[in-house]
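Between the sequences and the hints, there should be enough to build the whole structure, so can you do that?
So the sequences go chain by chain: A and B. Numbering-wise (UniProt numbering), the first sequence opens with residue 1 and increments by one. Numbering-wise (UniProt numbering), the second sequence opens with residue 1 and increments by one.
Any given hint could be a false lead.
As the list claims (entries may be wrong) - Below, a list of computed lysine-lysine pairs in the DSS-like style, where the Cα atoms sit at most 30 Å apart:
(1) A:786 / A:623
(2) A:740 / A:726
(3) A:284 / A:27
(4) B:22 / A:457
(5) A:437 / A:243
(6) A:444 / B:22
(7) A:803 / A:786
(8) B:22 / A:437
(9) A:150 / A:102
Treat the hints as calculated values from the structure; they're not laboratory data. From a predicted model like this one, the values you see are computed outputs, not experimental measurements.
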Amino acid sequence: MGLVPEIDFGTPASRSEKLVSLSIDGKTITVPEGTSIMRASKEAGISVPKLCATDMVDAFGSCRLCLVEIEGRPGTPASCTTPVGPGMVVHTQTSRLKDIRKGVMELYISDHPLDCLTCAANGDCELQDMAGAVGLRDVRYGYEGENHVKARQANGDGVGVNFNWLPKDESNPYFTYDPSKCIVCSRCVRACEEVQGTFALTIEGRGFGSRVSPGQHEAFVESECVSCGACVQACPTATLTEKSVIRIGQPEHSVVTTCAYCGVGCSFKAEMRGEELVRMVPWKDGQANRGHSCVKGRFAYGYSTHRDRILNPMIREKISDPWREVSWEEALAHTASEFRRIQYQYGRESIGGITSSRCTNEETYLVQKLIRAGFRNNNVDTCARVCHSPTGYGLGQTYGTSAGTQNFDSVEDVDVAVIIGANPTDGHPVFASRLKKRLRQGAKLIVIDPRRIDMVKSAHIAADYHLQLRPGTNVAVVTALGHVIVSEGLYDEAFVRSRCDWDEFQDWAEFVSDERHSPEATEALTGVPAETLRGAARLYARGGNGAIYYGLGVTEHSQGSTTVIGIANLAMATGNIGRPGVGVNPLRGQNNVQGSCDMGSFPHELPGYRHVSDDATRDIFEKLWGVEISDEPGLRIPNMLDAAVDGSFKGIYIQGEDILQSDPDTKHVSAGLAAMECVVVQDLFLNETANYAHVFLPGSTFLEKDGTFTNAERRINRVRRVMSPKNGYADWEVTQNLAKAMGLDWNYSHPSQIMDEIAATTPTFSKVSYAYLEEIGSVQWPCNEKVPLGSPIMHVDGFVRGKGKFIRTEYVATDEKTGPRFPLLLTTGRILSQYNVGAQTRRTENVVWHEEDRLEIHPHDAENRGLRDGDWVRLASRAGETTLRATITDRVSPGVVYTTFHHPDTQANVITTDFSDWATNCPEYKVTAVQVSPSNGPSHWQEEYDALARRSRRIEGRLEAAE
Amino acid sequence: MSLQPASTEVTERVASVIDACKGLEGPMLPILHGLQEEFGYVPPEALPIVAEALNISRAEAHGVMTFYHDYRTHPAGRHVLKVCRAEACQASGGDMVLVQLQAKLGIGFHQTTSDDAVTLEPVYCLGLCACAPAAMLDGQVFGRLDADVIDEIVDEVRR
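Structure, rendered in structure tokens:
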């Protein structure tokens, strides 16, 4: 093993296609025009000494160590800032250069501590390496003079305080800033600016007084820093160091794997010492993240060893009993016999299961296979039901495939980005950084969101148009955009005629042209000024490459599918499909929500989005599995719960999902679960759903298993096991053992065999195998004989369904309406440091940034209710009520309030109603009519629920099962 | 250190300075000059407002402001005395003049007398090398500093 090698070329690659040849130290090398001499040298295998250069940021030319001599040119130019020229003859090592470098290093070291042996960067320090490379043997200047190294030093009156010295900043939970070790190379500052785009760091002062300063000389945690880790990665010394490295030491081997948080699917190197994870470092060759990360993937992995993790299977007869730890055999045998008993007693359709968007493709495939081949019904659903099922439906109807059209690299060619109902800086931070980089290069931005999200305005970026619509009026806004595009003749007729059905387009054009869809007519309804909307439509249609990125603010509505269709219509009408820089891009919430949908997790679809009523598809699986598959779609999650309340659905197998916390109308979910006779939860922790479970099967983390995740750009990325499962089995093994206990003859010995089965049965995956992924890194489906290298961009020469289909998008107001009792609209969302229901991130130091859910409310609404910032408020809807504390901010419009749902004690979903998307039942999380009033503490429901949670987490023989 | 938000009054004064300069090309330095004129120094709590207006980060505003020694983080005394420490003045006895001046005022560089009368600062060349050693009091320059001129200056600031 050993560490995964990564070469630092010093400066970024040039995108030029023109090639230039030159000679470096007698070697001839040809590189793209615009490449630096430093990078060209590295490509020729020559390492020019450097300190301030690294290839994640642009050249800076401050350290004066990378000087070279060029024949015919005077002086010693810096190789990082000097581009190659044709026929150049470069020398990187001459006696003159050696002297200069040694002199420069001597000065650096004269203001740097000499505690290398006990330094956390020992073994991973570029300053140390460079001192070695230039042959520094002596520092003539001594340490008595002014320095930044010593806290106390000799002055005229003896030993006194050294005011140049700054103490270590340990405020960030994950890394430390030790100014005494800083060489002021500005790599961290540049990484924060160029890579992350937050601009939280600067160099304060000048000359000898220059120091790295977070914010205005603040502690890291109080500054604008978002803890993405780019600065730590960029630092060549121990100045910025992960606390885990300080605690454990340098890693000795690393394994490339895929982050298990959001749908960006960043590639990371898990850097290990034995089976201990030392740190996660974003992998430069990762094609989704290109070497960048966010606070979750980079640092928030501590949950995997958190003491709350359950490592032994447990069962109990009634949910009021304490849990009893049992062997795997007993737990699985009990589960199998219970499921069989229930089916015998209540019928084949009386049980079902939920696959997990957090687990691998292979695991998801196995769960749906267990349900279809073992339970012998189609009662399988997944959490995509509550997030992106409208995407599947909408894009499936219009384009013919249920996925985003682009890869993330496509953002580099975007001219006009449209963000609808997504908050990328919090939900998809790495994508947000890439988009912000493009915006700083001059791309335009339109934001359609009820809240003033950070993308609307933050350092060096600003939306050209912010359509601050009223929650629930997406369809009206999207249709009005279509109205402007059609009525002002901004559509791309050539594209529509050649690629879409012209009759359907005309029908749609006639529909949107109707005066009632004009921005002027819809303004009163949507709250978006007509002129703003017209401006946005013109910009999107005629601003060059227009790309739409959307999130759950589009899908989680009663008209979620309609909005997706509306978006698809806009992209087709303007010809923004089928090339880099355009497209329709759903920002998927969970790491493998794309994959879980691909793997046949829906009750009506077999793997590869093929309907269960399709005989040919069923035939493939029936032959392979040796069972008959029902041609009737099974129950969706809400239907399962309804059926449970009605008494016809009695058992469920839930892998890696917390439906009680994440699904709408918590009281209905709990009633459904409570009505079942065998609820099996497979998870890392005793989650909220487990309060109603009879069997708990401990799950494994992404660090403990092999598999694949499919991210939002359809990229199939390998997940690699770096440590053995603490619970004994990877999740796929647990499912397989359960299947065996139910009498199925499954004998997979490695997830690669499951992938082989997927490839053999699913045409869009037919060329995918672990060996192939090993060879090419990762691949975007469809990947088959026709497109062996996968499909970064879809619908290039034609839509998957043939002709693109335009569909009318009539706006129908949601039944969830404000009135005198519930005058405000609640919309929900995410925050950067927390993830989904927070089961993982709440068990990491990320709570430093977000320890509770807060209700954002406009100052005007707050004043009317006599609320001050930080007050407890009661948030009530028709469905229920909860309490939480208020944050007063004008990020939300008057009449709109906003909260997150990361914490179970808030239970924001007690408030949300059971209204849902007409096509897919995706719940309407984003619009709930509520009232807000002052309160002095937790609601009755919260207290009751807290007591229930405590009661139901008891484990026999243990004092207290801690949350 | 945790930043204190600016008071409404400070916010309004900062906003008026920003409004006056925002249309300029490269408004950052004119704004900082304007703030120093308005407040006598650049209040740290003004920088977030400047950052917001120019759509930059607090850190960047801080970086620019601290780069220039002329921008003060604290109010100065009623007078500001800048003594030239550049080569020509040093060569013409500037060191001796400085020692006398510091002794009479009882303060060193970057300090303010306890009665808030004067703040002493170094400056690197006033362009008065022909009349070295030189100093500048509240924008008015003095050349050929000697014991008499120093007394004159001290009398002026003590008045």
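The hints, checked one at a time:
| no. | hint | result |
| --- | --- | --- |
| 1 | A:786 / A:623 | holds, 25 Å |
| 2 | A:740 / A:726 | holds, 22 Å |
| 3 | A:284 / A:27 | holds, 27 Å |
| 4 | B:22 / A:457 | holds, 17 Å |
| 5 | A:437 / A:243 | holds, 29 Å |
| 6 | A:444 / B:22 | holds, 22 Å |
| 7 | A:803 / A:786 | holds, 20 Å |
| 8 | B:22 / A:437 | holds, 25 Å |
| 9 | A:150 / A:102 | holds, 24 Å |
The structure is consistent with each of the numbered hints, conforming to all of them.
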